[in-house]
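Line by line, the protein sequences give chains A and B. So for the first sequence, this note's numbering puts the first residue at 1; every next one is plus one. So for the second sequence, this note's numbering puts the first residue at 470; every next one is plus one.
Quick caveat, the hints were computed from the structure, so don't treat them as lab data. Every value quoted in this text rests on a predicted model; they were computed, and no experiment measured them. Errors might be hidden in some of the hints.
Unchecked claim - Cβ-to-Cβ under 8 Å is the rule here; a few derived chain A residues that face chain B: (1) L271; (2) T274; (3) V333; (4) A337; (5) E410.
Note that the Cβ used here is the ideal one computed from N, Cα and C, for glycine as well.
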Amino acid sequence: MKAVRRLGGWAVSGAVMLLTAYPPNRLSAQDTSAIDRGVRIGIVYRPGVRPGVVVLPGRAPALDSVRAIVARDLDYSDRFELITLPSGDSIRVATAAPAAAARSGAGGAGGPGGGAAAASLNYPLYQALGADFAVAITTAPPDTTVVTVHDVTAGGVRREFRARLPALKDAGFRLAAHRFSDQVLEATLGVAGVAATRVLLVRDGKVYSVDQDGADVQLVSSSDHQAMSPAWAPDGRRFAYMEFWQGHGRLFVQDVATGKRAAVATTGQALDFTPAFAPDGKTLAFSRATEEGTDIYTINVKDGCCLQRLTVGRFSDNLSPTYGPDGQRVAFVSTRAGAPQVYVMAADGTDQQLFAPFDYGVTGASYAPDWSPDGQSVAFHRDVGGTYQVFVLDVRARSVRQLTSVGRNEDPTWAPDSRHMAFVSDRAGYRQLWIVDVETGRIRLLLPHSGARLPAWSPRLAETTASTP
Amino acid sequence: MKRFELLVLGSLAAAAVAACGGGAKPEPPAPQANADSAAAERARQDSIERARQEELARQREEAERVARQRAADSLAALGHTSEAVKTLLATMIHFEFDKSNVKPEDIGVLDQKVAILQANPNLRIRIAGNCDERGSDEYNLALGNRRAIAAKQYLVSHGVDAGRAETASYGKERPLDPGHNEEAWAKNRNDQFEIVSGGDALKQP
Numbered sequence: 001m002k003a004v005r006r007l008g009g010w011a012v013s014g015a016v017m018l019l020t021a022y023p024p025n026r027l028s029a030q031d032t033s034a035i036d037r038g039v040r041i042g043i044v045y046r047p048g049v050r051p052g053v054v055v056l057p058g059r060a061p062a063l064d065s066v067r068a069i070v071a072r073d074l075d076y077s078d079r080f081e082l083i084t085l086p087s088g089d090s091i092r093v094a095t096a097a098p099a100a101a102a103r104s105g106a107g108g109a110g111g112p113g114g115g116a117a118a119a120s121l122n123y124p125l126y127q128a129l130g131a132d133f134a135v136a137i138t139t140a141p142p143d144t145t146v147v148t149v150h151d152v153t154a155g156g157v158r159r160e161f162r163a164r165l166p167a168l169k170d171a172g173f174r175l176a177a178h179r180f181s182d183q184v185l186e187a188t189l190g191v192a193g194v195a196a197t198r199v200l201l202v203r204d205g206k207v208y209s210v211d212q213d214g215a216d217v218q219l220v221s222s223s224d225h226q227a228m229s230p231a232w233a234p235d236g237r238r239f240a241y242m243e244f245w246q247g248h249g250r251l252f253v254q255d256v257a258t259g260k261r262a263a264v265a266t267t268g269q270a271l272d273f274t275p276a277f278a279p280d281g282k283t284l285a286f287s288r289a290t291e292e293g294t295d296i297y298t299i300n301v302k303d304g305c306c307l308q309r310l311t312v313g314r315f316s317d318n319l320s321p322t323y324g325p326d327g328q329r330v331a332f333v334s335t336r337a338g339a340p341q342v343y344v345m346a347a348d349g350t351d352q353q354l355f356a357p358f359d360y361g362v363t364g365a366s367y368a369p370d371w372s373p374d375g376q377s378v379a380f381h382r383d384v385g386g387t388y389q390v391f392v393l394d395v396r397a398r399s400v401r402q403l404t405s406v407g408r409n410e411d412p413t414w415a416p417d418s419r420h421m422a423f424v425s426d427r428a429g430y431r432q433l434w435i436v437d438v439e440t441g442r443i444r445l446l447l448p449h450s451g452a453r454l455p456a457w458s459p460r461l462a463e464t465t466a467s468t469p
Numbered sequence: 470m471k472r473f474e475l476l477v478l479g480s481l482a483a484a485a486v487a488a489c490g491g492g493a494k495p496e497p498p499a500p501q502a503n504a505d506s507a508a509a510e511r512a513r514q515d516s517i518e519r520a521r522q523e524e525l526a527r528q529r530e531e532a533e534r535v536a537r538q539r540a541a542d543s544l545a546a547l548g549h550t551s552e553a554v555k556t557l558l559a560t561m562i563h564f565e566f567d568k569s570n571v572k573p574e575d576i577g578v579l580d581q582k583v584a585i586l587q588a589n590p591n592l593r594i595r596i597a598g599n600c601d602e603r604g605s606d607e608y609n610l611a612l613g614n615r616r617a618i619a620a621k622q623y624l625v626s627h628g629v630d631a632g633r634a635e636t637a638s639y640g641k642e643r644p645l646d647p648g649h650n651e652e653a654w655a656k657n658r659n660d661q662f663e664i665v666s667g668g669d670a671l672k673q674p
């Protein structure tokens with residue numbers, strides 16, 4: 001019965017995708033804002049087809065915040081139907097359930113032994129509730145947190161993770177909890193999540209960082225100089241950004257853990273801006289505005305040497321470089337054809353050509369490209385009728401499609417899964433940071449603060465960056 | 470006999486008077502009167518002298534005050550000129566949306582700056598281009614740079630040494646008017662002219 005329903009669901013979804021989306025594999029959704037829920041074009045958002053997951057309530061209240069974080073992460077992954085149970089009732093439901101013969105503890109959720117010993121669950125009940133997976137978060141003495149992933153359909157434990165979580169107030173606590181979420185995603189669907197990531201942003205001339213779920217906003221820039229354009233290094237341990245110094249733009253590379261920073265060599269004599277790390281982690285591309293105009297340069301930030309000029313546009317501006325994941329190509333903005341548009345070149349500056357197609361004199365100006373980590377897409381924003389919308393370029397097909405339509409949307413930045421994207425939007429009345437899942441079109445607010453802009457989504461953050469305060 | 474007595478009496482009286490005068494040693498009225506008049510004369514002379522001195526001092530002070538006043542007046546005048554020149558120098562020029570070409574109505578403003586720079590050979594300036602909030606954040610840095618370059622090229626092509634004007638851009642990061650309407654945007658699309666050095670006492674061109 002279940003299989004039939006499933007099969008039907010996939011068939012329908014396939015039909016919907018064929019009818020509404022091209023290309024059919026990814027990036028097939030339009031912007032679906034809750035504010036404009038009256039109009040939906042080409043939506044492939046199909047609740048019920050995605051697997052259901054339930055985060056089981058438990059007896060140890062100390063873990064409530066971990067459960068809340070994991071449940072929210074799984075929801076924000078946009079890959080599950082999250083089944084929420086009112087906590088008190090669900091425990092009673094679980095304990096009163098008759099089917100689980102080898103039950104130990106409250107539905108396996110609060111068993112002191114944790115893990116496989118208390119793993120047996122009232123599977124038929126959760127299956128009836130629509131869950132394909134159930135996640136139990138318990139403790140094992142003395143201070144280990146155990147995350148058990150149950151495969152409800154198969155009626156057994158799929159995987160179990162153990163970790164010693166930092167204290168609740170510790171800087172690494174939330175990232176450790178986020179890492180559990182990514183492990184659950186890996187164990188259930190076999191895909192890498194983006195829960196353990198952060199987003200850098202600019203607000204009031206300062207650089208802040210925030211967890212991808214919108215929590216834990218931290219000021220990371222330390223000087224009084226006005227800052228812009230943060231950009232992550234591929235290791236997730238450093239980031240570059242620009243500061244105004246006496247009418248000049250100086251670039252810095254700052255260590256996330258220590259907060260120490262170093263000025264990038266040769267910068268500060270001109271207006272240097274829009275830094276972007278190459279995948280090698282030591283080459284930094286940036287724009288330099290001089291009295292000849294604006295051009296793209298690279299410098300080796302590891303050795304502080306080897307300044308190289310990639311573009312020469314005496315009568316045009318070239319700016320906003322972004323590397324493809326193989327480091328071989330750089331997409332950038334150029335005004336060589338009049339209005340700014342997105343171009344691409346080899347990493348040494350050769351073979352410059354148009355990247356995102358446009359109709360001369362018709363298509364609006366295009367800005368701020370960001371190459372997706374999987375290399376398949378370049379997101380940017382383009383002028384549409386006097387306001388900006390986020391577009392996505394399919395790198396292989398060289399075709400462009402519009403992703404947003406509500407309000408003014410700009411400066412997109414890809415998550416490491418190349419599926420989620422943070423961007424600036426004034427759809428709620430003022431400029432805020434939002435996140436869109438380009439596959440389902442689901443949109444959520446990242447930060448309620450107004451005036452947040454220039455977001456930069458981190459790579460997946462390594463263990464060591466989590467625990468260092 | 471009687472006459473003798475009178476004489477004796479007279480002489481005695483005279484002697485008595487003489488003895489009396491010499492013995493009592495009263496201040497002789499004549500010398501006393503003479504000393505008083507000398508002192509008075511001296512005092513009179515002193516007071517005249519004092520008055521003269523005071524008058525001189527007053528004149529000196531007045532002269533000094535006038536001189537000071539004149540100096541102050543001329544300094545103020547000088548400062549006023551300098552301030553006026555500074556104000557002229559700081560006059561902004563404005564741009565159309567997403568454009569960096571100098572508008573014909575701003576040519577006069579730039580010509581004034583050429584004249585000021587030529588009248589004040591030590592003056593160095595910075596031209597900072599600015600944009601309104603509608604453009605893209607990062608692209609506006611390049612656009613502001615273009616606007617600064619446009620003004621500088623005008624100055625240089627009219628005889629100003631290129632080394633005396635540097636360019637900068639703040640994009641849309643430092644709006645003069647925080648409003649969200651065309652009036653504010655028009656104000657914020659500008660070139661601003663700041664003094665880098667040599668701006669202490671500017672001469673009128």
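(request) Quick one: which hint numbers does this structure break? Sort them smallest to largest. (result) 4
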